[in-house]
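Each chain, letter by letter, is given below.
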Amino acid sequence: MVDALKGAINFLTAPEIFITLASVLFFLSMRYKAFWAPKVALALGILGAIFLAVSMLDHNFALIVKKPDNVPIVAMLFLVGFFVWLSMHQAHQNDERIARGEPPNEASNGENEKTWVWPDLVYTELLCMIIGMIVLVVWGLAFHAPIEEAANPARTPNPSKAPWYFLGLQEMLVYYDPWLAGVVFPSLIIVGLMAIPYIDMNPKGNGYYTFKERKVEITIFMFGFLIQWVLLVILGTFLRGPNWNFFGPYEYWDLHKLLALNNVNLSEYVWVKALGVGLPKNMFVREIPGILATLVYVVVLPGLLARTWLKKYFEKLGPWRYAVFVMLLLLQIALPIKMMLRWLFDLKYIVALPEIFFNI
Amino acid sequence: MATNATKPPEPFLTRTWDYITDTQIWKSIFRHGMPSTSRNRVLVVMTNVFLHLHPVKIRKSGVRLKFTWCMGGLTFFLFLVETFTGLLLMFYYRPTVAYAYMDIIDLAEQVPLGIMREIHRWGAHAMVITVWLHMFRVFMTGSYKPPREFNWNVGVILLVLTLLLSFTGYLLPWDQLAIWAITVGSNMARATPLLGYEGPGAQLLALGDVKMVHAGSDARFALLGGRFVGEGALLRFYVLHCVGIPLIAGILMAVHFWRVRKDGGISGPV
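Top to bottom, those sequences are chains A and B. First residue of the first sequence: 1, per our numbering; consecutive thereafter. First residue of the second sequence: 361, per our numbering; consecutive thereafter.
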């Protein structure tokens, strides 16, 4: 019974199922506000705590979670969960008020008025500092900072992991080559974040929580933060073992676990499997299908979207803002797209030019 | 008609307090009375260099914990904790391959009551989390919208600097965890387009047969000060961690706080 349950959870946490399920849940929660009722949040929080507590009885699970550096990630999970709930709960409350014709919570019952910084703000800050300091000291007494064997450049640990907050990027390496996953996409995350105030032309929702007035912005941002960042950090920390293979939370990290790698490039799909003519000698001819697909994605698609689904945004933002917005959006969802292609078709590279280190 | 003679004497503590606050030393430090009147509440903020980061009065909705979560404040607090504990750690730590690891071991085993490294490390993890949550809160309240666009950008840079601070600090214990995490992290730089020797386009940068971008001249080499994570990388990361990045972050924090005030204080509905 217990083993069957563990087996089921191991199965459900496989990346393709885990990420898909989480994404479906995410979009459902954006669609239905019943998800954000306090009762549901409380139930989820308690369930999460019970899951964690019971799972600690499992040797393999405890081994990973009790690593000192992984403790903050568990804490982060609950903190992120709580604050996402808190913001969405207040957003829905405000939306109801606005629908009734009332001002948001932040502007009613005298909240617009000013109050003294001393004592009202400084005491809150003092309290936060004291609590923060207590947490740090208790945490410091409870867990020793990790120190392993002395550095040895000749002995590579397996798995070798980047610091935990970069594990989302390391997980991206499964789907994209280092020049994209390690350099271009991280730079784009920074650029994209910085661009937000200049491409979000919606004047509403400034200074108060709301969801209804900013549905699209919030959904895009939260998908990036929760699914493409936090979830991938979780995956990379707890579910990736030796050789970056996937291991369920209750699975033993077997160094010799073998997974068949039968990923196929798009060029092979087209030239060998569909046309049956073999790969052309010239590398650029060989990769024409992938190059065309990529060009369609980054050049034709933005124009197409401007006339169809995103017409509203093209008209509202103007050509330049729209161009930046649509490029960032397309590159953001390039990751889930490549994931799907990998899971469904074992697709390795869309464009594979290893001769010049250019693989997409 | 009451006379002074029937009035009971003030309690001892009150008398002591009155005496202390009446001395020339006290008056030279605090140039106003207790902040219980409007005038003194203004003065307490205006005459104190630390408190005057704040305005004198603030929107009621802006002091609510459920609105701000105090995450920005906690991030700044953690930065100060990291600065203080980091300073203490610098007394015991020498950034060379020969000494670094043993200094950390000594710190754990020989220094009495030493939880400074623990607080430093957990504080660093916590700071990464509080920065994320602060940014998330600012997004969810739409506080990046005009006129606060620029300050959001300063915040994004501060987020990156926080991650870099944590990343550079990760190497310093010089154990297996440290060098391999940094090796994995810095291997990415090898694939930088044009600037990394395994990056797309790097081969184009060649004069005849002479490559301009190779393992000894690419982006990763510049980051590590060598072809692998060694002595050069340790010193570079140490200097960046203790001086370079905190300095830039400190300046940007000043700009960040200044702009919070200048862009209209904490955000609220109009």
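What the hints contain is simulated information worked out from the structure, not anything from laboratory work. Heads up, some of the hints might be wrong.
As the list claims (entries may be wrong) - With a Cα cut of at most 20 Å, we get these calculated EDC-like pairs of lysine to aspartate or glutamate:
1. A:K33 to A:E213
2. A:K204 to B:E509
3. B:K420 to A:E213
4. B:K417 to A:E96
5. B:K387 to A:E113
6. B:K417 to A:E213
7. A:K39 to A:E113
Unchecked claim - Stretch-level coverage of chain A by chain B, calculated; a stretch enters the list once three of its residues show a Cβ under 8 Å from a Cβ in chain B:
8. 281-293
9. 330-340
Stated by the list, open to error - If you want the ones that stay clear, here's a sample from chain B, every Cβ over 10 Å from chain A, calculated:
10. V423
11. T552
12. G576
13. L600
14. P629
Backbone N, C-alpha and C fix where the C-beta goes; we use that ideal spot for every residue, glycine too.
For each hint, the structure was consulted:
{"no.": "1", "hint": "A:K33 to A:E213", "in the structure": "holds, 14 Å"}
{"no.": "2", "hint": "A:K204 to B:E509", "in the structure": "holds, 15 Å"}
{"no.": "3", "hint": "B:K420 to A:E213", "in the structure": "violated, 23 Å"}
{"no.": "4", "hint": "B:K417 to A:E96", "in the structure": "violated, 30 Å"}
{"no.": "5", "hint": "B:K387 to A:E113", "in the structure": "violated, 33 Å"}
{"no.": "6", "hint": "B:K417 to A:E213", "in the structure": "violated, 29 Å"}
{"no.": "7", "hint": "A:K39 to A:E113", "in the structure": "violated, 32 Å"}
{"no.": "8", "hint": "281-293", "in the structure": "violated (count 0)"}
{"no.": "9", "hint": "330-340", "in the structure": "violated (count 0)"}
{"no.": "10", "hint": "V423", "in the structure": "violated, 5 Å"}
{"no.": "11", "hint": "T552", "in the structure": "violated, 5 Å"}
{"no.": "12", "hint": "G576", "in the structure": "holds, 17 Å"}
{"no.": "13", "hint": "L600", "in the structure": "holds, 15 Å"}
{"no.": "14", "hint": "P629", "in the structure": "violated, 4 Å"}
Checked against the numbered hints listed earlier, the structure breaks hints 3, 4, 5, 6, 7, 8, 9, 10, 11 and 14; every other hint is satisfied.
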